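Colleague: Sequence:
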Amino acid sequence: MTLHVTFAGGKGGVGKSTVASSVMYYLRNVVGFVAVDADADAPNLHLIFDVRKPVRVRTLEDSKIAIIDQKKCIKCGLCYQKCPYKSIEIKNGEYLIDPMTCEGCGVCSYFCPNNAIKLKKTKTGDIILYETKYGFKLISAQLDVGRPNSGKLVTIERLWANEIANEEGHRYVIVDAAAGIGCQVIASITGARHVFLVAEETPTSLHDVIRAYKVAEHFGIKSSLIINKVGMTKTSLIKRWAYDYGIEVIGEIPYDSSVPRALSMMKPLPEAFPKSKASKALREVSESVLDILKGL
-9 MTLHVTFAGG KGGVGKSTVA SSVMYYLRNV VGFVAVDADA DAPNLHLIFD VRKPVRVRTL
51 EDSKIAIIDQ KKCIKCGLCY QKCPYKSIEI KNGEYLIDPM TCEGCGVCSY FCPNNAIKLK
111 KTKTGDIILY ETKYGFKLIS AQLDVGRPNS GKLVTIERLW ANEIANEEGH RYVIVDAAAG
171 IGCQVIASIT GARHVFLVAE ETPTSLHDVI RAYKVAEHFG IKSSLIINKV GMTKTSLIKR
231 WAYDYGIEVI GEIPYDSSVP RALSMMKPLP EAFPKSKASK ALREVSESVL DILKGL
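Mapping of the sequence shown onto my numbering: residues -9 to 286, in sequence order.
Note that these hints are calculated values from the structure, not bench results. Note that this is a predicted model, so its numbers are computed, not measured. Yeah, the Cβ is synthetic: ideal placement off N, Cα and C, and Gly gets one too. Take these hints with a grain of salt, some might be off.
[Stated by the list, open to error] Result set (BS3-like, lysine-lysine): computed pairs, CA atoms no more than 25 Å apart in a straight line:
| no. | residue 1 | residue 2 |
| --- | --- | --- |
| 1 | Lys110 | Lys72 |
| 2 | Lys123 | Lys270 |
| 3 | Lys108 | Lys76 |
| 4 | Lys72 | Lys111 |
| 5 | Lys257 | Lys1 |
| 6 | Lys72 | Lys61 |
| 7 | Lys76 | Lys61 |
| 8 | Lys127 | Lys257 |
| 9 | Lys81 | Lys61 |
| 10 | Lys224 | Lys1 |
| 11 | Lys110 | Lys62 |
| 12 | Lys81 | Lys108 |
| 13 | Lys267 | Lys1 |
| 14 | Lys65 | Lys108 |
| 15 | Lys54 | Lys111 |
| 16 | Lys76 | Lys110 |
| 17 | Lys110 | Lys142 |
[To be verified] The following label-pair restraints were derived from C-beta to C-beta distances:
| no. | residue 1 | residue 2 | range |
| --- | --- | --- | --- |
| 18 | Asn82 | Arg201 | 43 to 49 Å |
| 19 | Glu277 | Asn34 | 22 to 28 Å |
| 20 | Asn34 | Leu149 | 17 to 23 Å |
| 21 | Glu84 | Pro193 | 49 to 55 Å |
| 22 | Lys284 | Gly181 | 16 to 22 Å |
| 23 | Phe209 | Leu280 | 19 to 25 Å |
| 24 | Gly67 | Lys224 | 57 to 63 Å |
| 25 | Val239 | Val20 | 21 to 27 Å |
| 26 | Phe209 | Gly125 | 28 to 34 Å |
| 27 | Glu153 | Glu277 | 28 to 34 Å |
| 28 | Arg201 | Leu286 | 22 to 28 Å |
Given only the sequences and the hints, what does the whole structure look like? Please build it.
Modeller: This is how it looks when you write it as structure tokens:
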């Protein structure tokens, strides 16, 4: 059976993808896994691992946009009045729908008295399979501009990763979730066996990691905490919260200027700067992650 684990964190910019990619780098020769970049709005693992040519691409056409048949339109203006997203504009006496802002809700079609508006299926985005030079496969996704259903893309990513892991005899799928606690993150956490929360020592990060923790708790999934950018501030709020809730802190990673330099080189931090303070701490974090994986 394939086991999924997820890196989440709530607030963007805490270094979650840096931590996740470093753990993947350290574990690449220890356990078999498929990596998933579950941020369909702004994927970045393919940049960190410097993979440019996809092995395979699957397209999801699951979104809808409204189309007005100008020959049937009687210019009553009801669609313009009723559209909740203000996606309909009037140009030269014609009612036109902006495909970038239309959510495909169907309100305009419902109220049209002359059946002049139809909902048409359109592309939601792509799910992309990469082969990394580090010996593991990476599944990423790219949501088309203005399209909904990022959560569904993530679900399909994980299903595909599961399929590949089973075919190749890998036991794990490691998921790097998006920021926040929206549908993408829920789709990343649902069904996971463990969630690794990544946070920094700031009040905003504490606020958001609590929300991410509550999502995992809602689904009955145990969490561990990794504190990143230690030393950037002098607060110990994150540690106190973890202690109060009985959450194990499995690593503390010091603030390190080599991190942005590694990102600019399009390399995982431990490869670019193996002797850096952060890399050494991430090795210890990876050992703790491995212990948890073995115990699942």
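Colleague: A separate judgement is required for each hint: does it hold in the structure or not?
Modeller: A quick look at each hint next to the structure:
Proximity of Lys110 to Lys72 is assessed by CA-CA distance (about 19 Å); at most 25 Å being required, the pair is judged to hold. For the suggested pair Lys123 and Lys270, the alpha carbons sit about 22 Å apart, so the restraint of at most 25 Å is met. Proximity of Lys108 to Lys76 is assessed by CA-CA distance (about 17 Å); at most 25 Å being required, the pair is judged to hold. Annotation: proposed proximity of Lys72 to Lys111 holds, straight-line Cα distance about 21 Å (limit 25 Å).
The straight-line distance between the Cα atoms of Lys257 and Lys1 is roughly 23 Å, inside the 25 Å bound, and the hint therefore holds. Of the supplied pair hints, the one linking Lys72 and Lys61 holds, its CA atoms being roughly 21 Å apart against a limit of 25 Å. Between Lys76 and Lys61 the CA atoms are separated by roughly 22 Å; this keeps the pair inside 25 Å, and the hint holds. In summary, the hint linking Lys127 to Lys257 is supported, as the alpha carbons are separated by about 16 Å, within the 25 Å threshold.
Our distance criterion of 25 Å between C-alpha atoms is met by Lys81 and Lys61, whose separation comes to about 15 Å. Using a Cα cut-off of 25 Å, the hinted pair Lys224 and Lys1 holds, with the two alpha carbons roughly 19 Å apart. Of the pairs offered as hints, the one joining Lys110 and Lys62 holds, with about 16 Å between alpha carbons and a cut-off of 25 Å not exceeded. For the hint pairing Lys81 with Lys108, the CA-to-CA distance comes to about 20 Å; that is within 25 Å, so the pair holds.
Our distance criterion of 25 Å between C-alpha atoms is met by Lys267 and Lys1, whose separation comes to about 23 Å. The hinted pair formed by Lys65 and Lys108 meets the criterion: a straight-line CA distance of about 16 Å does not exceed 25 Å. Distance restraint check for Lys54 and Lys111: the Cα-Cα separation of roughly 4 Å lies within the 25 Å cut-off, and the hinted pair is therefore satisfied. At roughly 18 Å between alpha-carbon atoms, Lys76 and Lys110 fall within 25 Å of each other, so this suggested pair holds.
Straight-line distance between C-alpha atoms of Lys110 and Lys142 comes to about 19 Å, which keeps the hinted pair within the 25 Å bound. For the hinted restraint 43 to 49 Å between Asn82 and Arg201, the CB-CB distance of approximately 47 Å keeps it satisfied. At roughly 25 Å, the beta carbons of Glu277 and Asn34 sit within the given window of 22 to 28 Å. Between Asn34 and Leu149 the C-beta distance comes to about 22 Å, which sits within the given range of 17 to 23 Å.
Evaluation of the 49 to 55 Å hint for Glu84 and Pro193 yields a pass: the beta carbon distance comes to about 51 Å. At roughly 20 Å, the beta carbons of Lys284 and Gly181 sit within the given window of 16 to 22 Å. For Phe209 and Leu280, the Cβ-Cβ distance of about 23 Å falls inside the hinted range of 19 to 25 Å, so the restraint holds. Our hint of 57 to 63 Å for Gly67 and Lys224 holds, since their Cβ atoms are close to 60 Å apart.
A hinted range of 21 to 27 Å for the beta carbons of Val239 and Val20 is consistent with their spacing of about 22 Å. The hint said 28 to 34 Å for the Cβ distance between Phe209 and Gly125, and at roughly 31 Å that hint holds. A hinted range of 28 to 34 Å holds for the C-beta pair Glu153 and Glu277, which are about 29 Å apart. For Arg201 and Leu286, the hinted distance range of 22 to 28 Å is satisfied, since their beta carbons lie about 24 Å from each other.
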